[in-house]
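Q: In case you want the letters, here they are:
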Amino acid sequence: MDRVERPEAGGATKRPLDIREHVEQADYQTIGAPFVTDPKMTARNVNVYYGDKQAITNVSLDVGRNEVIAMIGPSGCGKSTFLRTLNRMNDIIPICRVSGDITLDGEDIYGAEQDTVLLRARVGMVFQKPNPFPKSIYENVAYGPRIHGLAHNKAEMDEIVEDSLRRASLFNEVKDQLDKPGTGLSGGQQQRLCIARAIAVSPEVILMDEPCSALDPIATARIEELIDELRENYTIAIVTHSMQQAARVSQRTAYFHLGMLIEVGETKQVFTMPRHELTENYITGRFG
Amino acid sequence: MNNTNEQRSSRASLAIQASLKKRYARERRFQWYGRVAVIIGFTFLFVLLFDIISKGTPAFTQQYIRVTVNLDPAELGLEPGASREQMFAADYLSPIRSSLRAMFPDASSRKDKQSLYRLVSAGAEYNVRDQVLADPGLIGQTSEIWLRAHSEAGSYLKGQVGADTPEADRRVNDLQIAWLDRLRAEGRTESRFNTTFFTQGDSREPEMAGIKVALYGSFFTLLVTFVIAFPIGVAAAIYLEEFAPRNRITDLIEININNLAAVPSIVFGLLGLAVFINFFGLPRSAPLVGGIVLSLITLPTIIITSRAAIQAVSPSIRQAALGVGASKLQTVVHHVLPVAMPGILTGAIIGMAQALGETAPLLMIGMVAFIMDAPAGVSDAATVLPVQIFLWADSPERGFTEKTSAAIMVLMGFLIVMNALAIYLRRHFEQK
Chain A
-17 MDRVERPEAG GATKRPLDIR EHVEQADYQT IGAPFVTDPK MTARNVNVYY GDKQAITNVS
43 LDVGRNEVIA MIGPSGCGKS TFLRTLNRMN DIIPICRVSG DITLDGEDIY GAEQDTVLLR
103 ARVGMVFQKP NPFPKSIYEN VAYGPRIHGL AHNKAEMDEI VEDSLRRASL FNEVKDQLDK
163 PGTGLSGGQQ QRLCIARAIA VSPEVILMDE PCSALDPIAT ARIEELIDEL RENYTIAIVT
223 HSMQQAARVS QRTAYFHLGM LIEVGETKQV FTMPRHELTE NYITGRFG
Chain B
903 MNNTNEQRSS RASLAIQASL KKRYARERRF QWYGRVAVII GFTFLFVLLF DIISKGTPAF
963 TQQYIRVTVN LDPAELGLEP GASREQMFAA DYLSPIRSSL RAMFPDASSR KDKQSLYRLV
1023 SAGAEYNVRD QVLADPGLIG QTSEIWLRAH SEAGSYLKGQ VGADTPEADR RVNDLQIAWL
1083 DRLRAEGRTE SRFNTTFFTQ GDSREPEMAG IKVALYGSFF TLLVTFVIAF PIGVAAAIYL
1143 EEFAPRNRIT DLIEININNL AAVPSIVFGL LGLAVFINFF GLPRSAPLVG GIVLSLITLP
1203 TIIITSRAAI QAVSPSIRQA ALGVGASKLQ TVVHHVLPVA MPGILTGAII GMAQALGETA
1263 PLLMIGMVAF IMDAPAGVSD AATVLPVQIF LWADSPERGF TEKTSAAIMV LMGFLIVMNA
1323 LAIYLRRHFE QK
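Residue numbers (our numbering), protein chains in the order written: chain A, -17 to 270; chain B, 903 to 1334.
Any given hint might turn out to be false.
Here are a few chain A residues that face chain B, going by a calculated C-beta distance under 8 Å [what the hints assert, rightly or not]:
#	residue
1	N113
2	P116
3	V156
These aren't lab readings, by the way, just hints derived from the structure by calculation. Predicted, not measured: the structure shown is a model, and the values here were computed from it. The beta-carbon is built from N, C-alpha and C at its ideal position, and this holds for glycine as well.
Could you build all of it, start to finish, from the sequences and the hints given here?
A: Shown next, in the form of structure tokens:
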């Protein structure tokens, strides 16, 4: 954290930069292209507070249709918090307060008539640590469709479960042990099970909060391949600590720093020609 | 420089070596303190168990004396062709007494006769009556009938009281001992398993007293307690843990629940007396009121343990459920509760065990009454095991001392069963 607050410590030749200045001037303009022509989700002037502490300051960002957008930044920069505002997962934290406008297909998801249950069915989520339910593999996938009434009989449910597991490229590994507990799978399999669980309710957007941070490189590679395949049908927002991963899976990248969205752009551009000094420092590994 | 460093190192290692001995000694001492503490604890437990079991075991056997009874219809006060009602009401005491006199003609004085009659239980006449009712052909016959021995005579036959005790210190006199010795020599005594202990209610005669009423009472009371305390406790825990806002009011509620767990149980008894019996007019001495009062006592335990169990459920499971669009209630019912269930059940059973052993509040609501007939429902008068133990412990007769210990054994048996159930349920749910 110390280094984050004093990024100038590394390069004496450049203009001293203090991010706290930006926090005070809340009208900081994000560099790059935060907006797209055909957004799936839009966020405008989003501020998030945990009690008195401001976690997100004035973030405006679009998530494009069928794109993978990566959110990167040092620990505590608010990228996960921002991700969680997109399906109102922050609602479960009592002291958390969100202001600003966030829309899904033009509908205000923080509107009075918005139902969080419906929203979370449309905007699914995969968490940092694989968190399958302590139930069978089948039940893990079938749970979402069941509570939403998506299957009318056993055959339909079987089809949904199989299809979801196939899309998560897990079916072949577990087809003979669908009644075994999901918690008995390996870490990478568990995370793919969680992805299958998320896509079983046919969401439009999938939020992934560091989905590979608890996995080994081989499992990570499988998940990354999977993300690439899923892009055809879903819009994906992924928070990651790994810049290589962001570079590999995403089309656009957003760089967060101390609760502010510093820079957004095409992934290639952000990683090869970062326009903001903080972004450059981060992706060149000067802090993080 | 190097030299001094080396010197310093060697000095340090010497110092460490010197201190090592002390440190290890301290550790050994500490281990010994622990061992001694464990040994003392186990000794107390062992002495307690040994005392109870050695005192209580004889209560599970009952001595019988075979008496040659001449069921003379004239003595019974029965005419030929008497109805069942008449047989039921007949005087069976006189034939027993005259039979005893016939067996031991040496009892001549009034006092000696009293001693003689006290060889058999005061309930012996019912014993004979039941046999006659089962087989009316016995009337007019002389038959050998096994009669329940009086508890004092029984304790001599069991060897609890010996002839070497001075006569003034025992309740069987020398005459009775002589008679009992003769009976034993003639093979007229027998020791049987004491079924009465489980099939009868309380009685003034130790050999007739049983724990049936207390067992039924405890069962009904615990049933009421469980039916009230478990759903309310779990519902309160779920609400407080998952739904209630965190503010001053819920903080206050939480503090009060914790305080409630520490309130002396007799206070709940006073509350039960004042509110449930005097104000609501619920029946006195009934398992219904006892169960309500005990549920108040166990509620804090259940709420606190259930909250802890719910709290211990990993938030990632909640997030996973919410993340696929489960409502809050679905999240709790489908995912949090199944995981928290072992903890909740353990808490509930601990609460129930606490309720099973509770005495003081039940004294306040009149469950201390002398009751001979087992309750048929929750609103009939009954007593419970610990109160029965309390009642018997208060009785001076030697026969009740062993009954007290025997009832404690039964109570402990139930506690062991309940704790075993708690362990079983925890394992069972954890495996899932």
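Q: With reference to the structure, classify each hint as holding or not holding.
A: Against the structure, the hints:
1. N113: For N113 (chain A), the interface hint holds, since the closest Cβ of chain B sits about 4 Å away, which is under 8 Å.
2. P116: With a minimum Cβ separation of about 6 Å from chain B (threshold 8 Å), the hint on P116 (chain A) holds.
3. V156: violated, 18 Å
Hint compliance for this structure: hint 3 alone is broken.
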